[in-house]
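A.B. asks: Residues per chain, in single letters:
There are 2 protein chains.
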Amino acid sequence: MKKVGIAILGLGVVGGGTYKILSEHREFYKKIHGVDIVVESVLELRKERALSLGIEEHKIASNIAEVCSNPDVDIVVEVMGGVEPAKTFVLSALNAGKSVVTSNKELFCKYSHELENAAKKNNCGLFYEASCVGGVPVIRTLLDNLQGNKILSMMGIINGTTNYILTKMSNDGASYEEVLKEAQKLGYAEADSTADVEGYDAAYKLSILSSLSFHTKIPYTKIYREGITGVNALDIEYGKRMGYVLKLLAIGKNSDSGIEVRVHPTFIKCGHPLAGVNDSFNAVYITGDSVEDVMLYGRGAGALPTGSAIVGDVIYCATHDNFNYSTFKNTASAAPSTKFVTNFESAYYIRLSAKDKAGVLSKVSAVLSKHGISVAQVVQEDDKKSNGVVPIILITHLTHEKDVNKAVDEINSGELANVDSVIRVVS
Amino acid sequence: MKKVGIAILGLGVVGGGTYKILSEHREFYKKIHGVDIVVESVLELRKERALSLGIEEHKIASNIAEVCSNPDVDIVVEVMGGVEPAKTFVLSALNAGKSVVTSNKELFCKYSHELENAAKKNNCGLFYEASCVGGVPVIRTLLDNLQGNKILSMMGIINGTTNYILTKMSNDGASYEEVLKEAQKLGYAEADSTADVEGYDAAYKLSILSSLSFHTKIPYTKIYREGITGVNALDIEYGKRMGYVLKLLAIGKNSDSGIEVRVHPTFIKCGHPLAGVNDSFNAVYITGDSVEDVMLYGRGAGALPTGSAIVGDVIYCATHDNFNYSTFKNTASAAPSTKFVTNFESAYYIRLSAKDKAGVLSKVSAVLSKHGISVAQVVQEDDKKSNGVVPIILITHLTHEKDVNKAVDEINSGELANVDSVIRVVS
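Chains A and B are the protein sequences, given in the same order.
So the number in this note's numbering is just where the residue sits in the first sequence, counting from 1, plus 1.
So the number in this note's numbering is just where the residue sits in the second sequence, counting from 1, plus 1.
These are computed hints drawn from the structure, not numbers from a lab.
Careful: at least some of the hints might be erroneous.
[To be verified] Here are the computed lysine to any residue pairs in the SDA-like style, where the Cα-Cα straight-line distance is at most 20 Å:
hint : chain 1 : residue 1 : chain 2 : residue 2
1    : A       : Lys386    : A       : Asn233
2    : A       : Lys270    : B       : Ala333
3    : B       : Lys340    : B       : His273
4    : B       : Lys386    : B       : Leu417
5    : B       : Lys31     : A       : Asp290
6    : B       : Lys151    : A       : Gly35
7    : B       : Lys151    : A       : Glu28
8    : A       : Lys182    : A       : Thr168
9    : A       : Lys32     : B       : Asp257
10   : B       : Lys241    : B       : Cys271
11   : A       : Lys21     : B       : Asp294
12   : A       : Lys31     : B       : Ser338
13   : B       : Lys122    : B       : Ala333
Predicted model only: the values in this text are computed from it and were never measured.
Build out the structure end to end from the sequences listed, making use of the hints.
C.D. replies: As structure tokens, this is what we get:
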């Protein structure tokens, strides 16, 4: 039976999960896939962590050179995260002729071109299903199943931490700060949660997914990014009453106007398949010109779900010689002809504090109308008046961001009302 | 540039969609996939249908031998449906050294072993993503993404016609017969709808999906099958009020007790991701030992969504030489060691017509309890009394089918109540 040796770089949550899956399923894979997959080496500075997982001491490497020169290692699994030293290690492995399976979204998003060129040059496999949305099978779906489509759009809830926080805020009416603290205590959010709550993690994943979808590298720096730190529990509550749930949504669109990529808090109409994606679950909703709408739903993170994606790639790599996906055409930047849309078209939720005077609503509407914005839904809460100020909540029809910004500026420069929140809306 | 010639057998709905996608995207595929995919031949008796799609007359073959001997044809797409002549044609193509892409669930479910053996013998590709659930990427997800998992269970809404009918019945409170007639008029159901409404179509797909999931051939004859022709609008209404929606569910489970495969109307708890899958949308909900829960959602039928799956396979086949999926281990029947579970474990919805006498509910409960069945939810509708008969609706905790059958027989043999409906329930 063919024997394939694995090295795992990093025994954190995902590395530990990957080791557990590989070691517990070894006999199963021999029987089902006809290949004996053995972890031959791990690179982990915390030796006791490796030993506690049951890894024999002689398999614990002390540096990357040892891994790369080990003739028993065929596939290197990189699950360290971050750019360095992961990048150096992955390039070393590829240059040593090892195939690589990675879950590292930041590395792959920023340096896919270098990694892909190295893989090509050395005739090695490079697999990264686990880099985006854990156990949700989105990379292969885009590359294989939907490859006959022009992808028109994708919308994803692709960060578990923020979805957990927003779901909690929505269910309990609690503030962002309270829920974040609780999430950190429970281990759902990291002590430094910036990458998650500011939308960087989602932007890295959107960069990879939109590059695959739109067949040109979409650098994450091109992605409009707005996190959830400014989300107000009041808006979640008003949105709910108007039939919407708030999600951190990653959106990619490709149309005649160009490519549009953005990550921001978004109200989604209840009844939309994405509206029911709660807690740490994730989902990607893809629209292709032939397949129409497809949604992929599952665990976007966690030791075993992400480990499942890693191991899927490992078995694929172990059973398909010299197999390579063509992906971003090995470039660092978008094709020169690519146009990026920045004046987004969307519906908008606007919450105002209005002076309790006759005709305020009509004056606000007049300003919106002047900028070509028409209103789809209004709630005016006279019973919530305090200090002579009444909340008014509007949801607009589709309009353009620049017009909304101009209208908001004009409203705020007057005496009658002040705009407290503006949130994009998906129906 | 590599040129790959396609033949399409059958220009029905899916064949027409496939031709449209291939011809309209030809330049796109050249640019993106680096391959020129050209339809070189079609086999369709209705010549005018081929001509109306814009196919040149010299490409219309008059028999399968002409297709098989055409040196320009590399891949044969079979989208005729049914066993014969599709089976003969597919085997002829494989024996002539052509790779095959098929959407034919009945053929693949019944004769996968013959087709796979022929593909292997002739070193040809055999692809069948389109055979199950149209544009929903379920085959490749099982084969590639989840191959590191032991699949514990799958539940699918995998027939569009019945889901359309049940959604309509639920929304409009209409009877099965009314909605079926309307669906036939609108083209959502065929004139002879037996394969759909009696659950055969779902059983063929479940046979394929559970064979892939559980790594042994699951013949469709082993699948318990119950269609929707007996569904009563009253039960849909009661279920709704108790928080459930009725779906034709295909269920596959693999546990220490054995393999359990069944297709039947099922109440699903609102809030479950499958409960929101409406109209002609389909979804498969898969639970693996590592990935946990994954749901794949999309269009399960239709010219372009199913065509998208076909073309995904065509491009894959055109860009990967000698690539074959290992699937059911080329056998016609389940491994001899496979145990099939027939005494299902489930929760049950039971609707009774009870005589309006004191103590009826307690006597019914006593019978259930005697058979080890405990009740989770009860509705007794005294205001719905007619002719001294009152409806009682019960939902049980998890129990076994044989015990439910015994309890129902015992209730029906008495004087106090009659069981009108028994429907399995998923929480």
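A.B. asks: All the hints need checking, so say for each whether the structure fits it.
C.D. replies: Consistency of the hints with the structure:
Among the hinted pairs, A/Lys386 with A/Asn233 is consistent with the structure: their alpha-carbon atoms are about 18 Å apart, no more than 20 Å. A hinted pair counts as satisfied when its Cα atoms are at most 20 Å apart, and A/Lys270 with B/Ala333 does not qualify at roughly 48 Å. Proposed proximity of B/Lys340 and B/His273 is contradicted: the alpha carbons are some 29 Å apart, above 20 Å. Distance hint between B/Lys386 and B/Leu417 is fulfilled; the C-alpha atoms sit about 14 Å from each other, no more than 20 Å.
In summary, the hint linking B/Lys31 to A/Asp290 is supported, as the alpha carbons are separated by about 17 Å, within the 20 Å threshold. About 15 Å separates the Cα atoms of B/Lys151 and A/Gly35, which keeps this hinted pair within 20 Å; it holds. Restraint check for B/Lys151 and A/Glu28: the C-alpha separation of about 12 Å stays at or below 20 Å, so the hint holds. Only pairs whose Cα atoms come within 20 Å are accepted, and A/Lys182 paired with A/Thr168 is accepted, the gap being roughly 15 Å.
At roughly 18 Å between alpha-carbon atoms, A/Lys32 and B/Asp257 fall within 20 Å of each other, so this suggested pair holds. Distance hint between B/Lys241 and B/Cys271 is fulfilled; the C-alpha atoms sit about 9 Å from each other, no more than 20 Å. At roughly 18 Å between alpha-carbon atoms, A/Lys21 and B/Asp294 fall within 20 Å of each other, so this suggested pair holds. The hinted pair formed by A/Lys31 and B/Ser338 meets the criterion: a straight-line CA distance of about 18 Å does not exceed 20 Å.
Pair hint B/Lys122 plus B/Ala333 holds up; C-alpha atoms about 17 Å apart against a cutoff of 20 Å.
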